[in-house]
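Visitor: Once you have looked at the hints, place chain B on chain A.
Protein chains: 2
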Amino acid sequence: MHKFEILKEDHSTKARTGIITTSHGTVQTPAFMPVATLGTVKSITPEELQELGFSMIISNAYHLYLRPGHKQIREFGGLHKFMNWNNSIATDSGGFQVLSLAKKRKIKEDGIVFQSHLDGSEHFLTPKLSIEIQEHVGSDIMMCLDECPPYSDDYKAIDKSLELTGRWARLCKESRTTDEHGQIGALFGIVQGGVFSDLRKKSAEQLMDIDFDGYSIGGLGIGEDPHKTHELIEYTAALLPKDKTRYAMGIGNPADIIQAVSGGVDLFDCVIPTRNARNGTLFTNTGKLVIKNAQFTSDSKPIDESCSCYTCKNYSRAYIRHLYICKEILAIRLLTMHNLSFFGSLMKSIRERLGDGTFADLIKRYETTEVI
Amino acid sequence: MHKFEILKEDHSTKARTGIITTSHGTVQTPAFMPVATLGTVKSITPEELQELGFSMIISNAYHLYLRPGHKQIREFGGLHKFMNWNNSIATDSGGFQVLSLAKKRKIKEDGIVFQSHLDGSEHFLTPKLSIEIQEHVGSDIMMCLDECPPYSDDYKAIDKSLELTGRWARLCKESRTTDEHGQIGALFGIVQGGVFSDLRKKSAEQLMDIDFDGYSIGGLGIGEDPHKTHELIEYTAALLPKDKTRYAMGIGNPADIIQAVSGGVDLFDCVIPTRNARNGTLFTNTGKLVIKNAQFTSDSKPIDESCSCYTCKNYSRAYIRHLYICKEILAIRLLTMHNLSFFGSLMKSIRERLGDGTFADLIKRYETTEVI
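Protein chains in written order, with numbering that gives the first Met the number 0: chain A, 0 to 371; chain B, 0 to 371.
For reference, chain A alone in the conformation it holds in the complex (with noise of 0.2 Å):
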């Protein structure tokens, strides 16, 4: 099942809370989903993520066709059962990463050939494998398979893709099967379109006639001018339907996931709080710390003075960059925990303050303070 609901709309901005349900429970919105690549968001077990107040995680069908394989995880009961997380989890098409991780790669009419990133065998990414695969793994909100080109592509380039995209959401959509409770998956269309806003229109255009259960904005935040993106995220946003959930995927630093929520979007995912803490960068209320720098050898302080996230109740700077430093996997744990928590607490932040009327202070803070 699925189903969105808009619960406040802002009324300085195109703001909205609301609710996505699934079978596997609620998602407050705006919401972002931490990256479960290979099913576990990296160093954390799901019960933490539960606490840290994440409702939906996003794996990806590329990654479990390679590892371990979505037959085994069906033979499993899905990926949520495998990896013990009973909330809800989206999965992206693998239309992205076969273009960024596979080593050889052709795009024909009917689906992408690619080299494995792991041991260079051959496979053949269709539309409808890309559905049977997120079917396999028991996806609560599925992505179409698209066709992501390169932000520098020229309008002729682009507009060619967007059409290979239309064509293969629409074959998407009919791949999908009913599944033993007679029900069909949640489908996402994904909005490209490059750095062109009549070619985004195009095609958003073009999948909402095919009309899906939400609609994602694919291929920004990949190099692109950062005002370019919260342009285009903001102009996208505006032309799909406003009863349907927005996902800005790949979306991002903090700063960009205030703009792009004021421009209308519901759900965000990116790798930033899990990557940047195993880099050792962490987001904190008076803009970034990274943690090996000598200035925090003797810190007594915790990360961010003002966060109550377990890393920060227990452990200073000090403690931390010592773990770091000696490559500790402790060291990556906290630091993970406390980026999550970061997320966590901005959504949760940006949710009340739509709640209560208060969310242009949000921005307002977010537009003076650069360095978040």
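Possibly wrong hints are sitting among the right ones.
As the list makes no split between identical chains, a pair holds if one copy fits it or if it spans any two.
Derived lysine to aspartate or glutamate pairs resembling EDC-like cross-links, with alpha carbons at most 16 Å apart [to be verified]:
id: 1; residue 1: K312; residue 2: E46
id: 2; residue 1: K201; residue 2: D158
id: 3; residue 1: K41; residue 2: E327
id: 4; residue 1: K243; residue 2: D355
id: 5; residue 1: K80; residue 2: D298
id: 6; residue 1: K200; residue 2: D158
If you're looking for bench data, these hints aren't it; they were derived computationally from the structure. Keep in mind the model is a prediction, meaning the values are calculated, not measured.
Guide: Leaving out everything else, chain B in the frame of chain A:
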């Protein structure tokens, strides 16, 4: 403070149950100390360690001296506060690590000159410095600086070495200072003597003459024949004062622990549960399990069907194997939790069986199941 009290002596072996009291709480013996080399039991939080049933961990003067430095740890109020562990901490003197890890070392009458394995910098570890390091980190049970010669050294070399260990032990005892509460730290002497029982006796007598709070059996489990290890632990334990804690350093495997307990040993530490976990080797009640083996690819059973740890309650062998193959950090966490839980349960079972007079059954079980 330091106190050791015997609760019950076994009727058929030399085993006993007891309680060690330090200023950070009590430790029920026989006890196993997980290894926290750099101020963390790799991948595990202090809260998890406590839940797994451990009340004392062991850290290391050599490692903490090099990173982050014992002076820094003192500034943070000691290792307990620095690492967020409120129970007891024992520390090894650094003798064993200097000899096994340092790039170059030269043993002199008054200490060991060595080059750091990290950056080649030169240091001079003396009995006094070893005690200073252990006092600075706030160790509840310190070890004397010892020389741990290779097991293959000849009688004369071992004899010469244990004489040095004896002189250093006296210097260590004399080097202790009183803390801010007027307390002096507990200190254990380390019995050396290689594989020669009369040298073990000589070393034990030297140390007992000096009089320590407890006695460690060092220099075993380092390559000599395992039967010899068992024989010498039992022999050495019997030489030591009954009313003091006996600690078999670096021992070991479950079967070794049970044998040593029956010889009257109270305390153990070993990297086996944590290191094996990181290498994907798990302890189970039916033998060892190597998680990367292909046979577990589709295995829906937990690692150990008779285990009630977090890992075994929530995850299949197939899922954990998938994480392990993908080098996911969560694999290390889950496997370390399981192995530590196995060791925690083993020690609890030993204490319970000593308590109700059925320890002989446990010995028999480990004698007949060679696998564990």
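Visitor: Each hint needs a verdict: does it hold in this structure or not?
Guide: Structure-based check of all given hints:
{"no.": "1", "hint": "K312 x E46", "in the structure": "between (19 Å within a copy, 13 Å between copies)"}
{"no.": "2", "hint": "K201 x D158", "in the structure": "within (9 Å within a copy, 87 Å between copies)"}
{"no.": "3", "hint": "K41 x E327", "in the structure": "both (15 Å within a copy, 7 Å between copies)"}
{"no.": "4", "hint": "K243 x D355", "in the structure": "neither (23 Å within a copy, 66 Å between copies)"}
{"no.": "5", "hint": "K80 x D298", "in the structure": "between (42 Å within a copy, 14 Å between copies)"}
{"no.": "6", "hint": "K200 x D158", "in the structure": "within (11 Å within a copy, 87 Å between copies)"}
Hint 4 from the list above is the single one not met by this structure.
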